[in-house]
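Enquirer: Position chain B relative to chain A; hints supplied.
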Amino acid sequence: MNPQSTKRIKAGGLNAAAIVIFLFAVFPVYWMVATAFKPNDEIFTTRFIPFPLAPTMEHVSRVLTKGVAGHSIWQYLFNSAVVALGTVLIGAIFALLAATAVARFRFRFRTSFLILLLVVQMVPAEALTIPLFLMIKRLGMYDQLVGLIILNMGFTLPFAIWMLRTFVAAVPKELEEAAAIDGASRFVTFWKVLFPLVAPGLVATSIFSFITAWNEFVFALTLINDQGKYTMPVALQYFSSQRSTDWGGIMAASTLMTIPVIVFFLFVQRRMVSGLVAGAVKG
Amino acid sequence: MAQTSTIARGGGESSAPARRRSPKAPRRGRGLPDWAVPYAFLLPGLLVIAVLLLYPLYQMIDMSFHKVGLRQIRPNPQPAEFVGLQNYTDVFKSELFWTSLRNTVVFAAVTVALTLLLGTLVGLLLHRLGKKMSTFLVIGIMAAWATPPTATAMIWKWLFDSDAGVANWMLNQLPDWLSNALFGRSDWSGQPWLNDAITIYTVLVVAVVWASFPFIAVSVLAGLKAIPSELYEAARVDGSSPFRTFRKITFPLLKPIFSVLLVLSIIWDFKVFTHLYVLAGGTTNRDAFNLPIWAYTEAFSAPPKMGFGAAISVVLTVIMLIITAVYVRQIVRTEEL
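Going down the list, the sequences are from chains A and B. Take 1069 as the starting number for the first sequence in the working numbering and just add one per residue. Take 24 as the starting number for the second sequence in the working numbering and just add one per residue.
The shape of chain A in the complex, shown without the other chains:
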């Protein structure tokens, strides 16, 4: 066999492997969407039906109009959006301030603070659920979305600061110095010079926090009792009863809650990798 064809066989093998892995990654997501559009007799069958033969909006429209557990799905999506946006808005301000401090200033306890950021990220949120539950209860925020916002903010903040500080550090210091020499106040320098340049990083960090809060399950499960205040991940549980499970409805609702995440994810995927692996990836 000549080297040319060996090479071609090799490339073919690699491509074949890529397709197998692609299918493994995508099939479950595809199956979720496909099920959402199948009529019930195509869902509850032992046959394999690769795609909806008689596509129907039945489940999607049922989920959108009738909802689940007595409340409209819009209510749950709205609750999730409130929690996620609230987390982002408050968190972004705090994260930007702290990231600026860490990236721009040398001060005592700076290294200790950075190590603290790393360590607290490792504390399992699940383990802290019990004291946090009591704290939220005593503050009178049980059954209120604001309680969820506060907790989510606390758990997304360390990573948000960690991620944002690299963006702040990337803005040339000279720009701020020039503004300062021109007599701009500290606030004006921050607002007019640093902020616009860090904005893309702030967007990436915010999207990360948004996704985390949008997906959050344990706190929402523990701190919310009123069904009207469920977030999507919790509401999803109520599609099944003891006797039957509404798989068409679940898959339609899962698709609905996944769409915003996938869209946002496309923007931040690269930043998440470098943020999480931190200094281990050089270059």
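There could be a bad hint or two in this list.
Unchecked claim - Covered stretches of chain B (in silico footprint by chain A; criterion: 3 or more residues with CB under 8 angstroms from a CB of chain A, positions within the stretch not fixed):
(1) 68-74
(2) 79-85
(3) 117-131
(4) 231-238
(5) 265-274
(6) 295-308
As the list claims (entries may be wrong) - As a list, the in silico DSSO-like pairs of lysine-lysine whose alpha-carbon atoms are at most 30 angstroms apart:
(7) 1078(A) x 154(B)
(8) 248(B) x 1075(A)
(9) 116(B) x 154(B)
(10) 1205(A) x 90(B)
(11) 1078(A) x 90(B)
(12) 278(B) x 90(B)
(13) 271(B) x 90(B)
Stated by the list, open to error - Derived Cβ-Cβ restraints for the label pairs, each shown as a range:
(14) 210(B) x 1311(A): 21 to 29 angstroms
(15) 275(B) x 1076(A): 42 to 50 angstroms
(16) 1130(A) x 254(B): 57 to 65 angstroms
(17) 253(B) x 1118(A): 30 to 38 angstroms
(18) 1255(A) x 99(B): 45 to 53 angstroms
(19) 1334(A) x 215(B): 34 to 42 angstroms
(20) 276(B) x 1157(A): 39 to 47 angstroms
(21) 1137(A) x 274(B): 44 to 52 angstroms
(22) 128(B) x 1114(A): 35 to 43 angstroms
(23) 1334(A) x 248(B): 50 to 58 angstroms
Since the hints were derived computationally from the structure, they do not count as laboratory data. Note that this is a predicted model, so its numbers are computed, not measured. C-beta atoms are modelled at their ideal positions from N, C-alpha and C, and glycine is treated no differently.
Expert: Relative to chain A, chain B alone:
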């Protein structure tokens, strides 16, 4: 590396490279004094971390020495009774501790190994693929990565449904001799995966590996891209086999990434909650408990035993923090903070 200490206000703890020079900003008569600015910036974030992470951590430990039940949760709570190490002795005496610990550890070991292996192989594959094929695959694995945990668990629950699940259908498609040789059975119709701990964990492993290998793959790819190609050319000239090249060049250079990924994976898989909660259908199947779900169940199902739950959480956290120590050391060593 050049050290500048001029800017280390109030302390000598500067590890800044020379270019990170702080300007002697002209003092403007108003506002905070210069030295206080970073602290003022830090304050809100630090406060949030202290209140939401550090104080609860302290409280969790404190609670683990008390009997905290319904009387302490109600409005006008009564003071909790100090019980010393009682909760801990109860934890270690409980049969559930040993099954939960076993489930937690075995699940984490299997899942971490499979995730890292598959993720690394896919990372290497991505690196060798053509540009188009590589982009195609990255987009594909991103779908798995981005799917929210609750949705992920629901999807796999549906794929492994006993009657209409695709998994049973696929296993039935295997030639009988192969299925018999591999699993000792050929008929999978109506196999109920989510009734019993071992099969629940089988599905859980598949679901979690599916959701987490993309991150490993993309991280390994990022690391591979940073390795200078000259090294590989030299290896090729020397006639080094692919496996040897991986062992002698790729692996040592990617070692810092691997250790961080290893620790992150261990941490994620040790505290898996959402996927298991959804797959096992809540907290009724005691055989399928892992430590987080056991702690949660003791604390929140009636009658609430929050001190006992806290003690379980402390045990879990101690295990996690031991692993964390390795991770933090790694980061502190490899990155100029």
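Enquirer: Now tell me if each hint is right for this structure.
Expert: Results of checking the hints against the structure:
Residues of the stretch 68-74 of chain B with a Cβ under 8 angstroms from some Cβ of chain A number 5, which satisfies the need for three, so the listed coverage holds. Figure legend: the stretch 79-85 of chain B, annotated as covered by chain A; annotation consistent (4 residues with Cβ-Cβ distances under 8 angstroms, at least 3 required). Check result for the stretch 117-131 of chain B against chain A: violated, 0 residues qualifying (beta carbon to beta carbon below 8 angstroms, three or more required). With 3 residues having a Cβ less than 8 angstroms from any Cβ of chain A, the stretch 231-238 of chain B passes the three-residue criterion, so the hint holds.
For the stretch 265-274 of chain B, the stated coverage by chain A is not satisfied: 0 residues place a CB nearer than 8 angstroms to a CB of that chain, which falls below the threshold of 3. For a cut-off of 8 angstroms, the count of residues in the stretch 295-308 of chain B with a CB near a CB of chain A stands at 6, and the three-residue condition holds. Proximity of residue 1078(A) to residue 154(B) is assessed by CA-CA distance (about 16 angstroms); at most 30 angstroms being required, the pair is judged to hold. Distance restraint check for residue 248(B) and residue 1075(A): the Cα-Cα separation of roughly 22 angstroms lies within the 30 angstroms cut-off, and the hinted pair is therefore satisfied.
A threshold of 30 angstroms between alpha carbons decides the hint, and for residue 116(B) with residue 154(B) the separation of about 57 angstroms lies outside it, so the pair is violated. For the suggested pair residue 1205(A) and residue 90(B), the alpha carbons sit about 18 angstroms apart, so the restraint of at most 30 angstroms is met. Simply put, residue 1078(A) and residue 90(B) have alpha-carbon atoms about 65 angstroms apart, too far for the 30 angstroms limit, and the pair is violated. This hinted pair does not check out: residue 278(B) and residue 90(B) have alpha carbons roughly 46 angstroms apart, beyond 30 angstroms.
Restraint check for residue 271(B) and residue 90(B): not satisfied, since their Cα atoms lie roughly 56 angstroms apart, outside the 30 angstroms limit. Checked against the hint of 21 to 29 angstroms, the pair residue 210(B) and residue 1311(A) passes, with Cβ atoms roughly 26 angstroms apart. Checked against the given bound of 42 to 50 angstroms, the beta carbons of residue 275(B) and residue 1076(A), roughly 32 angstroms apart, lie outside it. The hinted range of 57 to 65 angstroms is satisfied by residue 1130(A) and residue 254(B), whose Cβ atoms lie roughly 58 angstroms apart.
For the pair residue 253(B) and residue 1118(A), the supplied restraint of 30 to 38 angstroms is violated, since their beta-carbon distance comes to about 48 angstroms. Checked against the hint of 45 to 53 angstroms, the pair residue 1255(A) and residue 99(B) passes, with Cβ atoms roughly 46 angstroms apart. A beta carbon spacing of about 38 angstroms between residue 1334(A) and residue 215(B) agrees with the range 34 to 42 angstroms that was offered as a hint. Taken as a hint, the range 39 to 47 angstroms holds for the pair residue 276(B) and residue 1157(A), whose Cβ atoms sit roughly 41 angstroms apart.
Separated by about 51 angstroms at the C-beta atoms, residue 1137(A) and residue 274(B) satisfy the suggested range of 44 to 52 angstroms. The hinted window of 35 to 43 angstroms between residue 128(B) and residue 1114(A) holds, with their beta carbons roughly 36 angstroms apart. For residue 1334(A) paired with residue 248(B), a C-beta distance near 20 angstroms fails the hint of 50 to 58 angstroms.
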